[in-house]
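K.L.:
Residues 188 to 745 in the working numbering are what the sequence shown lists, from first letter to last.
The hints are simulated quantities; they were obtained by calculation from the structure and are not laboratory data. The reader is advised that the hints may include incorrect statements.
[As the list claims (entries may be wrong)] Taking lysine-lysine and the BS3-like style, the derived pairs with C-alpha atoms no more than 25 Å apart in a straight line are: (1) LYS659 <-> LYS488; (2) LYS277 <-> LYS219; (3) LYS427 <-> LYS276; (4) LYS442 <-> LYS427; (5) LYS251 <-> LYS316; (6) LYS202 <-> LYS488; (7) LYS442 <-> LYS524; (8) LYS706 <-> LYS667; (9) LYS277 <-> LYS313; (10) LYS302 <-> LYS316; (11) LYS316 <-> LYS277; (12) LYS219 <-> LYS316; (13) LYS219 <-> LYS276; (14) LYS202 <-> LYS277; (15) LYS251 <-> LYS302; (16) LYS302 <-> LYS313; (17) LYS524 <-> LYS488; (18) LYS375 <-> LYS442; (19) LYS658 <-> LYS706; (20) LYS277 <-> LYS302.
[Claimed, not checked] Okay, the calculated beta carbon distance ranges per label pair: (21) SER209 <-> ASN668: 33 to 39 Å; (22) THR317 <-> VAL397: 48 to 54 Å; (23) ASN260 <-> ALA311: 50 to 56 Å; (24) GLN543 <-> SER664: 39 to 45 Å; (25) ARG575 <-> PRO531: 19 to 25 Å; (26) SER639 <-> SER516: 31 to 37 Å.
The structure presented is a predicted model; accordingly, all values stated were derived computationally and were not measured. Think of the CB as a built atom: it goes at the ideal place given N, C-alpha and C, for glycine as much as any other residue.
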Amino acid sequence: MSEVSMLSLERILLKNGVLQDSDLARAETAVKNYGGQLEDVLLGQGACSEEDILAANAELFGVKTYQQWLAENSLQAITEVTNAYELGKKWWQEQQAFPLAEVDDVIWIATTDIKDNFVQTVLARKTSKTVESVIIVSHELRQLLGLFEDADQHLSLAADAQSLRDLATGAPIIHFVNDIIQRAVDAKASDIHFESYRGVFRVRIRVDGVMHEIDRPGIGMQAAIVSRLKLMANLDISEKRLPQDGRIRTRVSGKDLDIRVATTPGVAGESLVLRLLDSVDGVSSLTELDMFEDHLETTGKLLASSSGIIIVTGPTGSGKTTSLYAFLSELIGDERKIITVEDPVEYQTPGITQIQVHSEIGLSFASVLRSVLRQDPDIILVGEIRDRETAETAVQAALTGHLVLATLHTNDAASAFVRLMDMGVESYLLATSVIGVMAQRLVRKSCIHCKSPDQTGSGQAEALGYVDLEKKWPGLSVDKNYAESEGCPVCLGTGFAGRRSIFEMFAVNETMRHIISTKPEQLSAHLAESGFRSLKEDGMLRAAAGDTTISEVIRVAG
188 MSEVSMLSLE RILLKNGVLQ DSDLARAETA VKNYGGQLED VLLGQGACSE
238 EDILAANAEL FGVKTYQQWL AENSLQAITE VTNAYELGKK WWQEQQAFPL
288 AEVDDVIWIA TTDIKDNFVQ TVLARKTSKT VESVIIVSHE LRQLLGLFED
338 ADQHLSLAAD AQSLRDLATG APIIHFVNDI IQRAVDAKAS DIHFESYRGV
388 FRVRIRVDGV MHEIDRPGIG MQAAIVSRLK LMANLDISEK RLPQDGRIRT
438 RVSGKDLDIR VATTPGVAGE SLVLRLLDSV DGVSSLTELD MFEDHLETTG
488 KLLASSSGII IVTGPTGSGK TTSLYAFLSE LIGDERKIIT VEDPVEYQTP
538 GITQIQVHSE IGLSFASVLR SVLRQDPDII LVGEIRDRET AETAVQAALT
588 GHLVLATLHT NDAASAFVRL MDMGVESYLL ATSVIGVMAQ RLVRKSCIHC
638 KSPDQTGSGQ AEALGYVDLE KKWPGLSVDK NYAESEGCPV CLGTGFAGRR
688 SIFEMFAVNE TMRHIISTKP EQLSAHLAES GFRSLKEDGM LRAAAGDTTI
738 SEVIRVAG
């Protein structure tokens, strides 16, 4: 493309309001520093979509888009082109073009590169007819090429590992992947999803537990992007039939970042999920968990114990691992031996021996835990109690003088005992080994940039039966300051920015031990009569303080 044409394309994008001056400056800097085509960089940075580039090129070169042509002609006309002018699907695929139809002795073709007239020249010489082009986006072209043969034969543009490797190491693909990761980090996303559907390849990020689409690069870039991520994670780029798991270690914005990569095969191609783990800032200290004073005091007393099991419960993604590492931050020291058993190891921490479970080779939680007991530990962290063997080994460790921190999947704190008994652990063993249980959830925090007082908050809380909760626990620092947020650019219009935990917890006392041993199903009723604060009540106190909203607490805690 000539410099004049590129500048013209830029002006059209700016004129149409698609591109901002700052976007253009950022893309031009990337081209200057790393090379590549400006169009590719603009797409990679998410400054504009492939459809935006297509519309601008159509205006620049005075041609129709495929959708405009389709509106004027019959779709049936396309399917009548069966011989592809004896050039074959492979040739058309290599040229990134498709023969649409002949209308009044004019051959119409669709192409992704309106500047390249090679296909027009070949067809004109072969048929002695006039050939006209329309411009098409890559995912639409992909669908048209599928008309030649069975869909299973055209899912991938590259059939062998070397071709995939060549695609993945191209500068535009490298820049695109790096930019997606940077944008996810800037948005404080926890996950990046690269998702494949028939004719669609999109990128979404999870911010504060909610998904947001940030890019749709086109199905034509799928193989290259997936292969690039596999290379970064040291995965087999030629294996598309089986799920794979890997890890990327990189540096973004001056910080070390660990990324867990999981691939999944699908009928429309592979999808990938990247879990972003900040290896430095991802682990909070105990005070940074921002518990209420009574919960903080209870936690401190539990962590001061020399033996016993402390259980943290909650669903996947509720912050259990972060809390456990916050607990460990209070315990790390030269005078203690700490070993963790995890699947996977999320936060690599100095001063701790961390072990990764590999079930596929027989290295399960239970087998590792048995080995750990022979390593003379003081404190053991069990990433998850999943089965009876692991649970019984954890109990054995606690009863032989070790402090065990573990996670469990239950809806609330009291249910932890029922869950462990369902696994086959005797109730009397649990009553003597478990010293405390904490359940938690993550609620979105009200955006500080756009929140304002909510005059209806007290009325909403009263209607739900939560009246003057702060009086029930008078020792807590809670000022009634209900808030609502309209949404702003900082919070992506959601009204929320960031997340915080809400908790329920108790230390096991002698009365509870008796109940757990004899009538564990009565534990919840006993807690309710003993001043225990539930997850929802803890969340309502946070809503009263203006940290979150009542609707968010109801959404998360039920």
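K.L.:
Confirm or reject each hint.
P.N.:
Each hint tested on the structure:
With a C-alpha separation of about 22 Å, the suggested pairing of LYS659 with LYS488 holds against the 25 Å cut-off. Between LYS277 and LYS219, the direct Cα distance comes to roughly 35 Å. Violation of the 25 Å bound is thereby established for this hinted pair. Taking the CA atoms of LYS427 and LYS276, the gap is near 23 Å; set against the 25 Å cutoff, the hint holds. As the CA atoms of LYS442 and LYS427 are separated by approximately 32 Å, the hinted pair breaks the 25 Å bound.
For the proposed pair LYS251 and LYS316, the alpha carbon gap of about 19 Å is at most 25 Å, so the pair holds. At most 25 Å may separate the alpha-carbon atoms for a hinted pair to count; LYS202 and LYS488 exceed this at roughly 64 Å. Distance restraint check for LYS442 and LYS524: the Cα-Cα separation of roughly 28 Å exceeds the 25 Å cut-off, and the hinted pair is therefore not satisfied. Distance check on the hinted pair: LYS706 and LYS667 sit about 39 Å apart at the alpha-carbon level, beyond 25 Å; violated.
At most 25 Å may separate the alpha-carbon atoms for a hinted pair to count; LYS277 and LYS313 meet this at roughly 18 Å. Distance restraint check for LYS302 and LYS316: the Cα-Cα separation of roughly 20 Å lies within the 25 Å cut-off, and the hinted pair is therefore satisfied. Of the supplied pair hints, the one linking LYS316 and LYS277 holds, its CA atoms being roughly 23 Å apart against a limit of 25 Å. Of the supplied pair hints, the one linking LYS219 and LYS316 is violated, its CA atoms being roughly 42 Å apart against a limit of 25 Å.
The straight-line distance between the Cα atoms of LYS219 and LYS276 is roughly 37 Å, outside the 25 Å bound, and the hint therefore fails. Of the pairs offered as hints, the one joining LYS202 and LYS277 is violated, with about 38 Å between alpha carbons and a cut-off of 25 Å exceeded. In summary, the hint linking LYS251 to LYS302 is supported, as the alpha carbons are separated by about 13 Å, within the 25 Å threshold. The hinted pair formed by LYS302 and LYS313 meets the criterion: a straight-line CA distance of about 20 Å does not exceed 25 Å.
Of the supplied pair hints, the one linking LYS524 and LYS488 holds, its CA atoms being roughly 20 Å apart against a limit of 25 Å. Distance hint between LYS375 and LYS442 is fulfilled; the C-alpha atoms sit about 13 Å from each other, no more than 25 Å. As the CA atoms of LYS658 and LYS706 are separated by approximately 31 Å, the hinted pair breaks the 25 Å bound. With a C-alpha separation of about 21 Å, the suggested pair LYS277 and LYS302 falls inside the 25 Å cut-off, and the hint holds.
Checked against the hint of 33 to 39 Å, the pair SER209 and ASN668 passes, with Cβ atoms roughly 36 Å apart. Between THR317 and VAL397 the CB atoms are about 52 Å apart, so this pair conforms to the stated range of 48 to 54 Å. Here the CB-CB span from ASN260 to ALA311 is close to 20 Å, at odds with the stated 50 to 56 Å. Against the hinted window of 39 to 45 Å, the Cβ-Cβ separation of GLN543 and SER664 comes to about 41 Å, which satisfies the hint.
Restraint check, ARG575 to PRO531: a C-beta distance of roughly 23 Å satisfies the suggested window 19 to 25 Å. Between SER639 and SER516 the C-beta distance comes to about 36 Å, which sits within the given range of 31 to 37 Å.
Of the numbered hints listed earlier, those contradicted by the structure are 2, 4, 6, 7, 8, 12, 13, 14, 19, 23.
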